[in-house]
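Student: First to last, the sequence lines map onto chains X and R. So the first sequence is numbered by the working numbering: it starts at 1 and just counts up by one. So the second sequence is numbered by the working numbering: it starts at 1 and just counts up by one.
Honestly, the hints are just simulated from the structure, not real lab data. No residue lacks a Cβ here, since even glycine has one placed at the ideal position from N, Cα and C. Keep in mind that the hints are not guaranteed to be accurate.
Not everything, but these chain R residues come out facing chain X in the computed CB check (under 10 angstroms) [said to hold, decoys possible]:
{"#": "1", "residue": "Val7"}
{"#": "2", "residue": "Val41"}
{"#": "3", "residue": "Pro53"}
{"#": "4", "residue": "Arg88"}
{"#": "5", "residue": "Arg115"}
Covered stretches of chain R (chain X as the covering partner; in silico rule of three or more C-beta atoms under 8 angstroms from a C-beta of chain X) [what the hints assert, rightly or not]:
{"#": "6", "region": "11-20"}
{"#": "7", "region": "42-52"}
{"#": "8", "region": "95-108"}
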Amino acid sequence: MADVTADDVTADGAQHGADPTDLQPVRDYLARLDAAGAGLPPDRRAEVLADVREHVRDAVAAATAAGGDAGVAVHEALDRLGPPEEIARAEAEQSGLLTADAATGPVRPGAMERVGEPMAVFLLLLGGFVFVVGWLAGVALLWLSPTWRLREKLLGTFVWPFGYLGVLLVGGLATWTESCTSTATSAGGDELVCTGGPPYPDWVGGVLAVVVLAAPALVAVVLWRRRQAVREGRAS
Amino acid sequence: MEPVGNVATQLRRGVLEHCVLAVLARSPEYAFELVRRLSQVDGLVTSEGTIYPLLARLRRDGLVATTWEPSDAGPPRKYYDLTDAGRRALDAFAAEWTTFTEGVDDLLRQAGDGRGRGARGGRRDR
Numbered sequence: 001m002a003d004v005t006a007d008d009v010t011a012d013g014a015q016h017g018a019d020p021t022d023l024q025p026v027r028d029y030l031a032r033l034d035a036a037g038a039g040l041p042p043d044r045r046a047e048v049l050a051d052v053r054e055h056v057r058d059a060v061a062a063a064t065a066a067g068g069d070a071g072v073a074v075h076e077a078l079d080r081l082g083p084p085e086e087i088a089r090a091e092a093e094q095s096g097l098l099t100a101d102a103a104t105g106p107v108r109p110g111a112m113e114r115v116g117e118p119m120a121v122f123l124l125l126l127g128g129f130v131f132v133v134g135w136l137a138g139v140a141l142l143w144l145s146p147t148w149r150l151r152e153k154l155l156g157t158f159v160w161p162f163g164y165l166g167v168l169l170v171g172g173l174a175t176w177t178e179s180c181t182s183t184a185t186s187a188g189g190d191e192l193v194c195t196g197g198p199p200y201p202d203w204v205g206g207v208l209a210v211v212v213l214a215a216p217a218l219v220a221v222v223l224w225r226r227r228q229a230v231r232e233g234r235a236s
Numbered sequence: 001m002e003p004v005g006n007v008a009t010q011l012r013r014g015v016l017e018h019c020v021l022a023v024l025a026r027s028p029e030y031a032f033e034l035v036r037r038l039s040q041v042d043g044l045v046t047s048e049g050t051i052y053p054l055l056a057r058l059r060r061d062g063l064v065a066t067t068w069e070p071s072d073a074g075p076p077r078k079y080y081d082l083t084d085a086g087r088r089a090l091d092a093f094a095a096e097w098t099t100f101t102e103g104v105d106d107l108l109r110q111a112g113d114g115r116g117r118g119a120r121g122g123r124r125d126r
């Protein structure tokens with residue numbers, strides 16, 4: 001690594017005319033930290049990066065104020081900060097994205113958190129249309145996820161089975177029992193006469209339809225909000 | 001990993017956040033000074049960078065508060081202070097810690113061979 005001094009850096013208006021975070025070793029370190037934190041929520045990653053940047057600035061300022069060399073101070077500060085991967089891991093832990101006992105390795109919320117959960121919500125709603133098994137896959141992903149609690153898992157499974165496919169089928173059943181014929185009226189037009197059908201008045205059918213249609217969407221919202229709360233560390 | 005290293009890690013984990021609170025109870029601190037003060041405690045901090053996520057979480061939990069303080073040279077710096085909730089958490093921890101460590105020390109002393117702090121013919125662990 002080339003020797004670095006504060007003079008190598010473009011002045012940013014700071015009193016000593018150099019921002020140590022512009023130095024190459026710091027840039028490399030921050031780039032590693034950014035990469036290691038790829039799975040973190042963007043605001044978390046940004047704050048950790050900002051904190052580390054400020055830390056390096058302060059470390060160098062303290063060292064140079066005591067007569068030390070900026071380049072040496074930079075390397076020492078980066079050493080003491082520790083591996084960027086560990087910092088990203090610590091952030092994931094603190095945000096509730098990992099348990100403390102997770103195996104060491106690059107920090108990313110698992111495929112389950114990042115991809116599986118949105119997939120679960122989507123499949124629960126519409127997976128029934130994917131050869132029916134799509135909904136079953138959604139249920140599997142729902143139950144496998146550590147993010148959702150039992151109550152949310154039960155909601156997601158039973159409201160409604162087979163998602164909107166189920167809604168269609170039940171709706172279809174209701175109308176299938178009805179038979180409508182078109183008869184000529186004495187006024188010369190055509191009138192649709194329906195017999196059979198569900199044993200409740202039409203307005204009840206209307207309310208039921210709204211409830212039945214809205215429920216899966218509402219459950220999806222509940223699942224999504226729970227997921228966000230966990231990811232932001234607002235819930236355990 | 002050696003068992004000893006693992007024990008130290010587990011102990012550290014439980015205690016570090018309360019040590020942050022303890023440092024801030026003495027006086028509010030800039031982030032950097034706070035981190036350095038913690039590093040001075042033998043064995044408490046392995047990598048300084050991992051303290052920042054902890055600080056962010058403590059802030060989310062309402063135990064510490066941050067403000068931006070203008071600094072003479074350069075951009076404003078983050079300044080940490082303890083909140084009332086943080087003070088309560090620290091008090092609760094201090095009480096638990098005292099009871100807990102007294103009990104453990106007692107056991108160690110009874111195990112003899114100079115184990116435990118303040119044991120007769122005591123052996124220091126470093």
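Student: When the hints from earlier in the document are held up against this structure, which numbers fail?
Tutor: Hints 1, 2, 4, 5, 6 and 8 are the ones this structure does not satisfy, whereas the remaining hints hold.
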